[in-house]
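Participant: Kindly produce the complete structure, drawing on both the sequences and the hints.
First to last, the protein sequences are chains A and B.
Numbered according to this note's numbering, the first sequence spans residues -8 to 434.
Numbered according to this note's numbering, the second sequence spans residues 503 to 820.
Worth flagging that the hints you see were computed from the coordinates, not collected in a lab.
Treat the hints loosely; a few may be bogus.
Heads up, simulated DSS-like pairs for lysine-lysine below, C-alpha to C-alpha not over 30 Å straight-line [what the hints assert, rightly or not]:
{"#": "1", "chain 1": "B", "residue 1": "Lys816", "chain 2": "A", "residue 2": "Lys(-7)"}
{"#": "2", "chain 1": "A", "residue 1": "Lys169", "chain 2": "A", "residue 2": "Lys121"}
{"#": "3", "chain 1": "B", "residue 1": "Lys620", "chain 2": "A", "residue 2": "Lys222"}
{"#": "4", "chain 1": "A", "residue 1": "Lys82", "chain 2": "A", "residue 2": "Lys326"}
{"#": "5", "chain 1": "A", "residue 1": "Lys146", "chain 2": "B", "residue 2": "Lys816"}
{"#": "6", "chain 1": "A", "residue 1": "Lys121", "chain 2": "A", "residue 2": "Lys145"}
{"#": "7", "chain 1": "A", "residue 1": "Lys(-3)", "chain 2": "B", "residue 2": "Lys769"}
{"#": "8", "chain 1": "A", "residue 1": "Lys391", "chain 2": "B", "residue 2": "Lys620"}
{"#": "9", "chain 1": "A", "residue 1": "Lys348", "chain 2": "B", "residue 2": "Lys522"}
{"#": "10", "chain 1": "A", "residue 1": "Lys190", "chain 2": "A", "residue 2": "Lys169"}
{"#": "11", "chain 1": "A", "residue 1": "Lys(-7)", "chain 2": "A", "residue 2": "Lys6"}
{"#": "12", "chain 1": "B", "residue 1": "Lys769", "chain 2": "A", "residue 2": "Lys246"}
{"#": "13", "chain 1": "A", "residue 1": "Lys71", "chain 2": "A", "residue 2": "Lys83"}
{"#": "14", "chain 1": "A", "residue 1": "Lys391", "chain 2": "B", "residue 2": "Lys769"}
{"#": "15", "chain 1": "A", "residue 1": "Lys421", "chain 2": "B", "residue 2": "Lys566"}
{"#": "16", "chain 1": "A", "residue 1": "Lys284", "chain 2": "B", "residue 2": "Lys709"}
{"#": "17", "chain 1": "A", "residue 1": "Lys239", "chain 2": "B", "residue 2": "Lys769"}
{"#": "18", "chain 1": "A", "residue 1": "Lys(-7)", "chain 2": "B", "residue 2": "Lys709"}
{"#": "19", "chain 1": "A", "residue 1": "Lys353", "chain 2": "B", "residue 2": "Lys620"}
{"#": "20", "chain 1": "B", "residue 1": "Lys811", "chain 2": "A", "residue 2": "Lys(-3)"}
{"#": "21", "chain 1": "A", "residue 1": "Lys348", "chain 2": "B", "residue 2": "Lys709"}
{"#": "22", "chain 1": "A", "residue 1": "Lys(-7)", "chain 2": "A", "residue 2": "Lys214"}
{"#": "23", "chain 1": "A", "residue 1": "Lys110", "chain 2": "A", "residue 2": "Lys270"}
{"#": "24", "chain 1": "A", "residue 1": "Lys284", "chain 2": "B", "residue 2": "Lys816"}
{"#": "25", "chain 1": "A", "residue 1": "Lys270", "chain 2": "A", "residue 2": "Lys204"}
{"#": "26", "chain 1": "A", "residue 1": "Lys169", "chain 2": "A", "residue 2": "Lys119"}
{"#": "27", "chain 1": "B", "residue 1": "Lys769", "chain 2": "A", "residue 2": "Lys(-4)"}
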Amino acid sequence: MKTFKKGGVHPQENKLTNDSTIEVFPLPKQAVVFVSQHLGAPSTLVVQKGDKVKAGQLIAKAEQFICANTHSPYSGTITKIDFATDFTGYKKQALYIDVDGDEWLEGIDTSTEIIREIKLDSNQIIDKIKEMGVVGLGGAAFPTHIKYMLPQGKKADYLIINAVECEPYLTSDYRLMKEKAEECLIGIEILKKALNVEKALVGVESNKPEAIKNLTNLAKNYKGIEIVPLKTKYPQGAEKQLIYALTKREVPSGKLPIEVGCVVNNIGTTQAVYYAVQKNMPLVQNILTLTGKNVKERKNLLVRVGTPIQSVIDYCGGLPQDTGKVISGGPMMGKAISDLSAPTVKTTSALLLMSEKESLRKEETNCLRCGKCITVCPMGLEPIKIAQLAENRLWEDTEKTYAMDCIECGSCLYTCPAGRPLLDLIRVSKNHIGDLRRQRAQK
Amino acid sequence: MALLTVSGSPHVQSNQTTKKIMWTVIIALLPALLVSIYYFGFDALVVTLASVVFCVGFEWLIQKYILKTKTTISDGSAIITGVLLAFNLPSNVPLWIVGIGALVAIGVAKMSYGGLGKNPFNPALVGRVFLFISFPSKVAMSDWPIPKPMFGSSITDALSGPTPLLALKNGEAVNLWNMFIGATGGSLGEVSAIALIIGGLIMLFRKVITWHIPVSYLTTAGVFALILWLVDPSEFIHPTYQLLAGGMLLGAIFMATDMVTSPITYKGQLIFGFGCGVLTIVFRSFGPMPEGVSFAILIMNAVTPLIDKISSPKRFGY
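Facilitator: Given below as structure tokens:
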């Protein structure tokens, strides 16, 4: 079975919500929608306090290159425009909306009817994706349309769809592939057309046999979409690792996938593209797995963007007594949430509740030089060397140990028997290297 | 509500810990210890226990009264040093000598560098070499206790005799089967090939060691010894004896694989094993002493940082 080149770990899968069908989460009474919800330059606000908005209405416009539109997920009144705390504790500009019914903007098809025929041409598709504020739902929230505007002289051979879902606990992509596979496949067709490629490769980990079966059956009706089962190994879903597993092509250090003729998007994004292009619906909702060993009612939910995290937890039986940590995303790469009143964003694909005991790291000892961190690093780095240099604040030397190539998958910290904070130290190094590079550029 | 923990990813960790690794090694050492007790009697147990008590005790005293840091004796690493030091000594060694060896191993070779993980040399080997040089008459290689099975009659009536390596060097015949099961003279823990191999398999299976160092060490030593033997069978020892006799297996399986003092990458480990193999056979064949494992490993320990420098893995995307 295909897999990536080197390294990797196999944490306990804990896919506890595999069997719960996607449930529509009721609309909140009040919602907080961040003006910018993507990676890149901030969007420009186009509404004012007191405005009445409809669901799907543009509220912030992309005016710079790497930027994305934001739409209102709700119909209601904007009561306040202020800074709100996001789940990581940062203050960001947001709209406070008093939700009133569920009236969508005209022209948006909210029916469940499947529309197969693709009427738009390549450029129109890209414009539509941009207009509808679609961003990468794999986690990075990179504006999707930019990936399809290829730099001069570059040509794509493959569209690669990341349906790996290698993070433990997460099941939103799995449920999507079981329940909405056809929408995803049409989304893939659209992206293929936008990119002008013959072939799309969909990588799915072998621990999702039903998703593979379902997709493979439906893909027979589409030309050039191949569903490829991949070995269950973390980080199979890391972009460079996935490209290698599917095409045996190695993205050079510091370069983008297009360098080896690939464009990668998440399976969740393909559904968003389907809605954007076929149904004229902006990206205002996503599937979210609420899970954790102590959670009373674990669920896969269809949640509108801007729903307070606390209300999602309350809907699933409330916060368990001994909760020590709440994570947005999976346990390997997710971010710990500092404020439960923060709202969900376009890329909130999971909320993982961990008990106090699970939240604690193992006891730290001196490094044993066992070399496990090197064995598991999928990028062929030596995490312990970078970490030792970082402990001694030798930032220039960390640059020479290729710290910038780290993809922050966390395999090193996961595997370290001595409980060394390897990834934390590498992250600090990367920040310092970034500073050093900026200083050099100024000179 | 209690405060939430906020920390960087990943939020899960494997269940492997330093303590588990150390205790696995201790368990892997047990077969050799049991064979040793069987052949050398309770002397073997007494020497091993004394060595462990000395090592753990010195580590505790040094941390508590000199370094004034948290004690880490529960991680089990001092126990391993204690057992390995005893394994390198004859069963009739006076206990005060064991104590001195433990003080050098723990005090000098381990704690003075900063404790577990910081020591460049294998502590047990430093202790053993110190004793070997300081008290040649007590722990030297000529006069080892003869194995005497607990059940059944002894192999000879003598109380002490030469080790197989010395006998071979003097041109005497040695029983290969006895060397395999451990019914032979030698240091406490090195005599039984089968027990050491079982221990090695336990560590391999529990992923505490990888095959790289033992295989490259033993293969190199075997091939090198074979070449020498083919050149002059009357002068050099047969490779089978080289591999089974003396501290070769104890060294290749338990001492050279010490993760703290060996290279971190597989590539480096193969180079390390190769160096150990060559040096061991050189010392054994051309040196004044019959044994060469300890010195070979200590020298390779010294070049480990250099090996680490040249054996980085291939990076992705270059």
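Participant: Decide, hint by hint, whether the structure agrees.
Facilitator: Outcome of the hint check:
Under the criterion of a C-alpha separation no larger than 30 Å, the hint pairing lysine 816 (chain B) with lysine -7 (chain A) is consistent with the structure, at around 20 Å. The suggested pairing of lysine 169 (chain A) with lysine 121 (chain A) holds, with an alpha-carbon distance near 27 Å, which does not exceed 30 Å. Proposed proximity of lysine 620 (chain B) and lysine 222 (chain A) is contradicted: the alpha carbons are some 38 Å apart, above 30 Å. Restraint check: the Cα-Cα separation between lysine 82 (chain A) and lysine 326 (chain A) comes to about 16 Å, which is no more than 30 Å; the hinted pair holds.
Only pairs whose Cα atoms come within 30 Å are accepted, and lysine 146 (chain A) paired with lysine 816 (chain B) is accepted, the gap being roughly 28 Å. With a CA separation close to 21 Å, the supplied pair lysine 121 (chain A) and lysine 145 (chain A) stays within the 30 Å bound. Note on lysine -3 (chain A) and lysine 769 (chain B): the hinted pairing holds, with a Cα-Cα distance of about 14 Å set against a maximum of 30 Å. At roughly 23 Å between alpha-carbon atoms, lysine 391 (chain A) and lysine 620 (chain B) fall within 30 Å of each other, so this suggested pair holds.
Proximity of lysine 348 (chain A) to lysine 522 (chain B) is assessed by CA-CA distance (about 19 Å); at most 30 Å being required, the pair is judged to hold. The hinted pair formed by lysine 190 (chain A) and lysine 169 (chain A) meets the criterion: a straight-line CA distance of about 22 Å does not exceed 30 Å. A hinted pair counts as satisfied when its Cα atoms are at most 30 Å apart, and lysine -7 (chain A) with lysine 6 (chain A) qualifies at roughly 22 Å. Distance restraint check for lysine 769 (chain B) and lysine 246 (chain A): the Cα-Cα separation of roughly 28 Å lies within the 30 Å cut-off, and the hinted pair is therefore satisfied.
Taking the CA atoms of lysine 71 (chain A) and lysine 83 (chain A), the gap is near 13 Å; set against the 30 Å cutoff, the hint holds. At roughly 20 Å between alpha-carbon atoms, lysine 391 (chain A) and lysine 769 (chain B) fall within 30 Å of each other, so this suggested pair holds. The hinted pair formed by lysine 421 (chain A) and lysine 566 (chain B) fails the criterion: a straight-line CA distance of about 38 Å is larger than 30 Å. The suggested pairing of lysine 284 (chain A) with lysine 709 (chain B) holds, with an alpha-carbon distance near 28 Å, which does not exceed 30 Å.
Only pairs whose Cα atoms come within 30 Å are accepted, and lysine 239 (chain A) paired with lysine 769 (chain B) is accepted, the gap being roughly 24 Å. A hinted pair counts as satisfied when its Cα atoms are at most 30 Å apart, and lysine -7 (chain A) with lysine 709 (chain B) qualifies at roughly 24 Å. Restraint check for lysine 353 (chain A) and lysine 620 (chain B): the C-alpha separation of about 20 Å stays at or below 30 Å, so the hint holds. About 21 Å separates the Cα atoms of lysine 811 (chain B) and lysine -3 (chain A), which keeps this hinted pair within 30 Å; it holds.
The suggested pairing of lysine 348 (chain A) with lysine 709 (chain B) holds, with an alpha-carbon distance near 26 Å, which does not exceed 30 Å. Simply put, lysine -7 (chain A) and lysine 214 (chain A) have alpha-carbon atoms about 22 Å apart, close enough for the 30 Å limit, and the pair holds. Pair hint lysine 110 (chain A) plus lysine 270 (chain A) holds up; C-alpha atoms about 12 Å apart against a cutoff of 30 Å. For a cut-off of 30 Å, the pair hint linking lysine 284 (chain A) to lysine 816 (chain B) is broken: about 39 Å separates their Cα positions.
Restraint check: the Cα-Cα separation between lysine 270 (chain A) and lysine 204 (chain A) comes to about 27 Å, which is no more than 30 Å; the hinted pair holds. Our distance criterion of 30 Å between C-alpha atoms is met by lysine 169 (chain A) and lysine 119 (chain A), whose separation comes to about 27 Å. A distance of roughly 17 Å separates the Cα atoms of lysine 769 (chain B) and lysine -4 (chain A); the hinted pair therefore holds under the 30 Å criterion.
Checked against the numbered hints listed earlier, the structure breaks hints 3, 15, 24; every other hint is satisfied.
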